[in-house]
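Colleague: Each chain, written out:
2 protein chains.
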Amino acid sequence: MSSRSTDASVIEELFTAALAGERRPLARLLSHIERGGAAAQQIGKLAFPHAGSGYTVGITGAPGAGKSTLTSALVSQVRSDGLPAAVLAIDPSSPYTGGAILGDRVRMQDHALDPEVFIRSMATRGHLGGLALAAPAAVRMLEAAGRPWVLLETVGVGQVEVEIVGAADTTVVVVNPGWGDAVQANKAGLMEIADIFVINKSDRAGAENTKSDLEHMLDLSGLGHDGRWRPPIVSTVAHVPSGVDTMWAAIKEHRTFITDNGDLEQRRIDRADEELERIVRARIDAQVRARRDTPEFVAAHAEVLARRLDPWEAAEQLLGPD
Amino acid sequence: MSSRSTDASVIEELFTAALAGERRPLARLLSHIERGGAAAQQIGKLAFPHAGSGYTVGITGAPGAGKSTLTSALVSQVRSDGLPAAVLAIDPSSPYTGGAILGDRVRMQDHALDPEVFIRSMATRGHLGGLALAAPAAVRMLEAAGRPWVLLETVGVGQVEVEIVGAADTTVVVVNPGWGDAVQANKAGLMEIADIFVINKSDRAGAENTKSDLEHMLDLSGLGHDGRWRPPIVSTVAHVPSGVDTMWAAIKEHRTFITDNGDLEQRRIDRADEELERIVRARIDAQVRARRDTPEFVAAHAEVLARRLDPWEAAEQLLGPD
Numbered sequence: 001m002s003s004r005s006t007d008a009s010v011i012e013e014l015f016t017a018a019l020a021g022e023r024r025p026l027a028r029l030l031s032h033i034e035r036g037g038a039a040a041q042q043i044g045k046l047a048f049p050h051a052g053s054g055y056t057v058g059i060t061g062a063p064g065a066g067k068s069t070l071t072s073a074l075v076s077q078v079r080s081d082g083l084p085a086a087v088l089a090i091d092p093s094s095p096y097t098g099g100a101i102l103g104d105r106v107r108m109q110d111h112a113l114d115p116e117v118f119i120r121s122m123a124t125r126g127h128l129g130g131l132a133l134a135a136p137a138a139v140r141m142l143e144a145a146g147r148p149w150v151l152l153e154t155v156g157v158g159q160v161e162v163e164i165v166g167a168a169d170t171t172v173v174v175v176n177p178g179w180g181d182a183v184q185a186n187k188a189g190l191m192e193i194a195d196i197f198v199i200n201k202s203d204r205a206g207a208e209n210t211k212s213d214l215e216h217m218l219d220l221s222g223l224g225h226d227g228r229w230r231p232p233i234v235s236t237v238a239h240v241p242s243g244v245d246t247m248w249a250a251i252k253e254h255r256t257f258i259t260d261n262g263d264l265e266q267r268r269i270d271r272a273d274e275e276l277e278r279i280v281r282a283r284i285d286a287q288v289r290a291r292r293d294t295p296e297f298v299a300a301h302a303e304v305l306a307r308r309l310d311p312w313e314a315a316e317q318l319l320g321p322d
Numbered sequence: 001m002s003s004r005s006t007d008a009s010v011i012e013e014l015f016t017a018a019l020a021g022e023r024r025p026l027a028r029l030l031s032h033i034e035r036g037g038a039a040a041q042q043i044g045k046l047a048f049p050h051a052g053s054g055y056t057v058g059i060t061g062a063p064g065a066g067k068s069t070l071t072s073a074l075v076s077q078v079r080s081d082g083l084p085a086a087v088l089a090i091d092p093s094s095p096y097t098g099g100a101i102l103g104d105r106v107r108m109q110d111h112a113l114d115p116e117v118f119i120r121s122m123a124t125r126g127h128l129g130g131l132a133l134a135a136p137a138a139v140r141m142l143e144a145a146g147r148p149w150v151l152l153e154t155v156g157v158g159q160v161e162v163e164i165v166g167a168a169d170t171t172v173v174v175v176n177p178g179w180g181d182a183v184q185a186n187k188a189g190l191m192e193i194a195d196i197f198v199i200n201k202s203d204r205a206g207a208e209n210t211k212s213d214l215e216h217m218l219d220l221s222g223l224g225h226d227g228r229w230r231p232p233i234v235s236t237v238a239h240v241p242s243g244v245d246t247m248w249a250a251i252k253e254h255r256t257f258i259t260d261n262g263d264l265e266q267r268r269i270d271r272a273d274e275e276l277e278r279i280v281r282a283r284i285d286a287q288v289r290a291r292r293d294t295p296e297f298v299a300a301h302a303e304v305l306a307r308r309l310d311p312w313e314a315a316e317q318l319l320g321p322d
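Going down the list, the protein sequences come from chains G and A.
Residue numbers are given in the working numbering: position 270 of the first sequence equals residue 270, and the series is strictly consecutive.
Residue numbers are given in the working numbering: position 80 of the second sequence equals residue 80, and the series is strictly consecutive.
Same shape as in the complex, but just chain G (with noise of 0.2 Å):
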């Protein structure tokens, strides 16, 4: 099924009903937005309105660093606050699967009864921009539909999982006791996004080695200087749960701190800046890829490669003069 061929009022129809609190049309909505296309399109207009007043938190770490028991407990914690809950679990490494994948219902376990808990994976590939144009879409329907804490939570930590996640209002980089931890989440550019820093399964050997690593690399970084944010170190054990109550505290209290000193404006106007750049890219992208199609141009490419035609002539004739 084409989400060209949904039809623009049963979108409509569905959207009435994800903000009166029903979960099947707003787990429909959301298979269109991982489709993307016109529905998508359609969504996102719809939820634009009713979108902003949540607050995202962005999960990351090696694969095996233990997210998910830490999503499923930080959901725990939201939901002891009396808030409902969303958890978007993005996994880029996965081939399209229309939302319902294992992992889903694995995660689901802890928390299958609550109503007032949404989890939904996001796994799409092969259109224009895939997860990091669905993702910001995704977050705002789920906000419209009355979720003021969206948890955004990666499977890995390839380049399109740290590009979403650290578009978060605050990012969580997951760690375990271990020498190359620290090292690796500097690597991967995860020292730049992280709000907090949490050590899972610090009850394992070398937790106290991890954490003064990562102090030391703070330390170097120079954050906590000029009243900027210095991220803390949280020590966790999920799966008992212990720790998670602090990291949540942490993490309303990055909420609270940027959201006085104005950093979570400037974020939010950096990030709608970047997603509609973004998106203008994927299009002019799109609308090139047609035009290469066009029998002209694939008979320009034929010369060019045949070393008969300058190329910058064959991109006249696909694009016009300059």
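Hints listed in this document are in silico derivations from the structure and should not be mistaken for laboratory results.
Zero decoy hints are in this set.
Intra- or inter-copy, both count: the list cannot distinguish identical chains.
Below are the SDA-like pairs computed for lysine to any residue, each with C-alpha atoms no more than 20 Å apart in a straight line:
| # | residue 1 | residue 2 |
| --- | --- | --- |
| 1 | 45 | 305 |
| 2 | 45 | 8 |
| 3 | 45 | 308 |
| 4 | 45 | 301 |
| 5 | 45 | 306 |
| 6 | 252 | 235 |
| 7 | 45 | 17 |
Dock chain A against chain G, hints included.
Modeller: Showing chain A alone in chain G's frame:
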């Protein structure tokens, strides 16, 4: 002086003179190519039918490896075969200079009195696509002007430099004795583009270890099997010069090898394809930038930053409906 202010008939006159072997007109044409714009495109079109008969050797490696001295010694080898030579020194780290940078004068010393040696630096940046677009056009102009051997020398091993030099017909990667160099070559992506390795300053300690490191990496790469070329490792002391004749022989051997097995033809087809792709991207970037400057889009952009307008709607205002 903008290149656009140069009359098309002036370019034609310069081109005719350059084809007749005059050096100053050739230098002026290369300055126009460096600057980009309409004159550069005109030169590209004029040169294209006359180009393609030359052979390009890329010489790259870390700063201080002795590439300039090696290139100068290689020019002497080309000259001893009775052929004219051209050197294009690529330096993306320098600001645009119009071509006459200090490095040229230093490089010229050994060949300053030889009219059959043409040496030129390209340090353009700032204009669209920069050196990656200008370099292949400059090579074609040099070929058209009767230079059967063009040596592309880079100053460092930045991404642009590796990209440009990797598009040569034969690529020489220069390292120095010392344990880290072979590893560095691998990290910087040089391993992938090397057709010949040169250990320059091979009279220094550690030359044998560097050679066995490189041999080991080549063993792991599987090159040399199934009729594929295995990059030879040549030891040189460029300032003597010692070993440069062996390097020159290796270059000619590689040329024969890839000519005979069809790789040269395929490389050039791939390169034409990449160049077209790069030109198309650069021109589209320019078109988007132009549209971005319209008052309508500036206004829409401000609305997005104020989060009063959906970024998807703004993209539509910029680019039209999808």
